[in-house]
Amino acid sequence: MTATRTALISGGTGGIGSAIALMLAERGHDVAFTYRNNAAAAAQLSEKIRSFGVSAHSYQMNLDRESSITAAASAAINDLGSLTTLVHAAGPHVPMTHLSRVTPAVFSEQLNEEAAAFFTLVHTALPALRESSGSTVAVTTAATDRFPVRDGLSAGTKGAVEQLIRGFAAEEGRYGVRFNAVGPGMLTDGMAERLIASADLDPHALDVTMSRIPLKRFGSAVDIAEAVCFLASDAAGFISGQKLNVDGGYTV
0 MTATRTALIS GGTGGIGSAI ALMLAERGHD VAFTYRNNAA AAAQLSEKIR SFGVSAHSYQ
60 MNLDRESSIT AAASAAINDL GSLTTLVHAA GPHVPMTHLS RVTPAVFSEQ LNEEAAAFFT
120 LVHTALPALR ESSGSTVAVT TAATDRFPVR DGLSAGTKGA VEQLIRGFAA EEGRYGVRFN
180 AVGPGMLTDG MAERLIASAD LDPHALDVTM SRIPLKRFGS AVDIAEAVCF LASDAAGFIS
240 GQKLNVDGGY TV
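With the working numbering, the residue at position 145 of the sequence shown is 144, and numbering never jumps.
Treat the hints with caution; some may be incorrect.
Here are the simulated distance ranges between beta carbons [as the list claims (entries may be wrong)]:
#, residue 1, residue 2, range
1, Ala-104, Asp-206, 29 to 37 Å
2, Ser-210, Ser-66, 44 to 52 Å
3, Thr-69, Gln-241, 23 to 31 Å
4, Thr-69, Arg-211, 39 to 47 Å
5, Gly-52, Val-221, 16 to 24 Å
Don't read these hints as lab results, they were simulated from the structure.
It should be emphasised that the depicted structure is a prediction, and the values quoted were computed from it without experimental measurement.
Where a beta carbon is used, it is the ideal one built from N, C-alpha and C, also for glycine.
Between the sequences and the hints, there should be enough to build the whole structure, so can you do that?
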């Protein structure tokens, strides 16, 4: 009898998070996910997940509160009954600004909601992941491999997440637990969609970005979900401590 595959996705109602949740559900996972504020979006996503014949559970979670992360993750694992896949797709909005204009307080807050939040999530989930010899995938950014000016708040804090991925991979492999990351490039949805809407990315900036992408197009949340699902699957069973950029060749 095949063991039930279960997944917890942080940031499930975001553009990338929802694409991952739906793809994992379609591939037979019972899915739990967290959201920050939008309970209506969470209810709609849960309904879509259940349409694949699997269970869905949602939990409100704040990235800036350790107790909130621990409570949500613990409740999810309890409701799922096990945890074979952990996906960290949650993150605060990252405004595009030069590092010289970022205050230490803002940087500290961003680092807390990126790296400390991820660490807390993994710390809570580790016993269940060890029990299942499970897999963790963090959604980070291609900006840690090719720095885009004004994107230091993303690269500087998600880079810490990527180092934690390497550290956990080195230390948890003895339990059969794998850790990997996916680095999105410019997308038509998710964070990029918000940056375009807020005018942080104007037409000129978009043209410059496009000129640096060999495939001459932007990606989508589905592209990221495909990479995440691959790294979480048995097909990637001998891959750990790695980062896969999904960026159209931007970091070549």
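Exercise. Going through the earlier hints one by one, which of them does the structure break, listed in rising order?
Worked result: Failing hints: none at all.
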